[in-house]
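A.B. asks: This is what each chain is made of:
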Amino acid sequence: MKSLFLSAALASVVAMPAMANKAFVSNEKGNTVTVVDTDTWEVLAEFDAGNRPRGITISPDGKKLYVAASDDDTVRVFDTETYKEIHTLPSGPDPELFVLHPSGNPLYIANEDDNLVTVTDTETRTILAEVPVGVEPEGMGISPDTKFVVNTSETTNMAHFISTEDYKIKHNVLVDQRPRYAQYTDDGKRLFVTSEIGGTVTVMDIDAEGAPTVAGKISFDVPGVLPEWLQPVGLKVTADGSKIFIALGPANRVAVVDGATLEVKDYIIVGQRVWQLGFTPDQKYLLTTNGNSNDITVIDVEKEKAIKSVQVGQQPWGVVVSPN
Amino acid sequence: MQRILMVFLAALMWGGMSNDLAALEIKAAVLRIDPPRLAPISRFEKFPEDNGFAGAQLADEDNGTTGTFLGHTYETMMVAVPPEEADAALDAILADGIRFIILMADDADLTRLADRAAQDGAVVFNAQAEGVALRDNECRANVLHVAPSRAMRADAVAQFALWKRWPRWFLIHGSNPEDQALADAYRRAAKKFGGRIAEEREFEDTGGSRRTDTGHVLVQRQLPVFTQDADDHEVVIAADESDVFAPYLPFHLWTPRPVMGAAGLRPVTIHGAHEAWGATQFQRRFEELTGRYIREEDYQVWLSLRVLGEAVIRTMSNDPQTILDYAISDEFELAAFKGVPVTFRPWNGQLRQPILLYDGRITVSVSPQDGFLHQVSPLDTLGLDKPESSCTAFN
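Chains as they are written, first to last, in numbering that gives the first Met the number 0: chain G, 0 to 323; chain W, 0 to 394.
Be aware that one or more of the hints could be misleading.
To be verified - Computed Cβ-Cβ distance ranges for the label pairs, DEER-style:
#	chain 1	residue 1	chain 2	residue 2	range
1	W	R36	G	G215	51 to 57 Å
2	G	P222	W	K190	28 to 34 Å
3	W	L23	G	G215	23 to 29 Å
4	W	E60	G	D78	37 to 43 Å
What the hints assert, rightly or not - Heads up, incomplete: computed chain W residues facing chain G, CB under 8 Å, no partners named:
#	residue
5	P82
6	R283
7	R284
8	P377
For the record, the hints were derived by calculation from the structure and aren't laboratory data. Only a predicted model underlies this, so the values are computations on that prediction, with no experimental measurement involved. For each residue, glycine too, the CB sits at the ideal point set by N, CA and C.
Given only the sequences and the hints, what does the whole structure look like? Please build it.
C.D. replies: So this is what it looks like as structure tokens:
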């Protein structure tokens, strides 16, 4: 009887829809990661993640969660099922944002205090290279062909194009004040860099060799909101490149930009001090971290509407959703 | 060792770059004029040897790091002299071919030295002098004011007081000329924003020993008497640039009221606990370099050199006039850990900047306050707005 019951339970597990993914949210002040079910939007767990967790990403197989514990000067690696720490990775001091090679190795880490990008082998847990970049490195993006890692430096105001082959900087592009985030389109033909204090997004065309040319700038205007408050931070582009979502920090809004015309179509009101963004794997939903209201907002990507907010830990910073 | 390694790596990287960029050398000088002065009332505020210079050191590192990607090198000379040697020191700096000069001087010295610098086509960054006249009828076409004026600080305090609905002020000012000038700024601020000076008193600087073993015993008896029978007021505003009495005011008033200005809640450009808008990493860099907390003078010198560095990378020039023109143009903006870009007022060369209100431990508030609107920028509600300034040097 008991075994019968068990197998029935097992069958129901197998039959569960594949869309039940987990969103992992780093809480910068709470020193935790909150786990949210992207089907029910319920909080499943909250676990300790080290001091000042900010950058967060996940391995391609969905088994390992990488968290930049900035004040611990390390990257902590957690099991996405048990939430136990597996090990740490050497990261260099004050790791903030990072980007993982699509193969799962290596991890490219921005070290804000030391003007370095650290390249860390996620298997051998060793540092492969340290690349000197501008002052206060922050944003990290990788080209879809994996030939370039782009780092933005907040006080130098540049996007540095680092070759993943020899770890040398091949191009530097000046952008507006305090560049925060770098994101390629999936086809690799465009790169977006957000400038928080400049209030703009620099759009670059990327040629076949990976060389950038500035193609234009996106700026923002919301009636009744001081222009100084429109501070672009996190940015995501849909896989087909048709929609660009840009978190506008203290303006408490996410801008929706047409990928073809680069015109702002709409502003979606979300929680307070919206910081980083993350898609669900099917790109049906976009999640925003709202640092001052301690929640995440769920945006319906097709309808371009906020549909739900979920309370998480203290000062949510980054978000990543497990792959299918 | 680590630093040497980084420079070496940077050089390697530079060698590997495909871009063909022209090398540029940017030479600047910080000239600090140290008048004889008494120690501050609080020993937490004593002047470090590297006051201001530490900011220059950090700025050279920041600008230099950016410069490695462009072939630009930054070198800043730092000179501290007593007032009587100031002119000779400036001559020597100019003779060295330096055309970017950050001055840490009082109003009179600044004007005289700026005029001398102008003869050689040099740009002066005012990192210290706060006189309103320097931004008004005494302005100079070759001076960029990075330090806020007394009017900006007073307006920052006034806006907060009115936001709090504390419209009636008890103004207590010192007897020295700079205290009087600051008191003027508070009177103007009251008028500008709709506050009222309900009571005004002068605390005379009698030159007594300000800090003695038993100083607090006397103060505890004298100050309540000094402040009694004032007309009704919600807040006490202290104008005490000479640092003679203000730190004693809180807790020693006849009528218990919050104190703002030279004590209590103070208007500052930076303080060592300021963390918002990414300032934490700036503080960490500064502390690692100097082993102490940052002071306003350090920040203002750092900001002066960052203005220079930013103008250099955007214009790819080290020509003084090109830099000056760019800085006061609409194109210029700079992130300064204040949440909004800082820019220059084209009518008098004053840097627009938010002012932090600091209680000695934390940032309590930041002015401009919500609701103080302006057709161009809320930052222009602090200090001399275009119609208020008679400066014509930039026309």
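A.B. asks: Taking the hints in turn, state whether each one holds.
C.D. replies: Each hint tested on the structure:
1. W:R36 / G:G215: 51 to 57 Å: 54 Å, holds
2. G:P222 / W:K190: 28 to 34 Å: Check passed, 32 Å falls within 28 to 34 Å.
3. W:L23 / G:G215: 23 to 29 Å: 28 Å, holds
4. W:E60 / G:D78: 37 to 43 Å: 41 Å, holds
5. P82: Since chain G brings no Cβ nearer than about 35 Å to P82 of chain W, farther than 8 Å, the hint is violated.
6. R283: 6 Å, holds
7. R284: 7 Å, holds
8. P377: Since chain G brings a Cβ to about 7 Å from P377 of chain W, closer than 8 Å, the hint holds.
Hint violations for this structure: number 5 only, all remaining hints satisfied.
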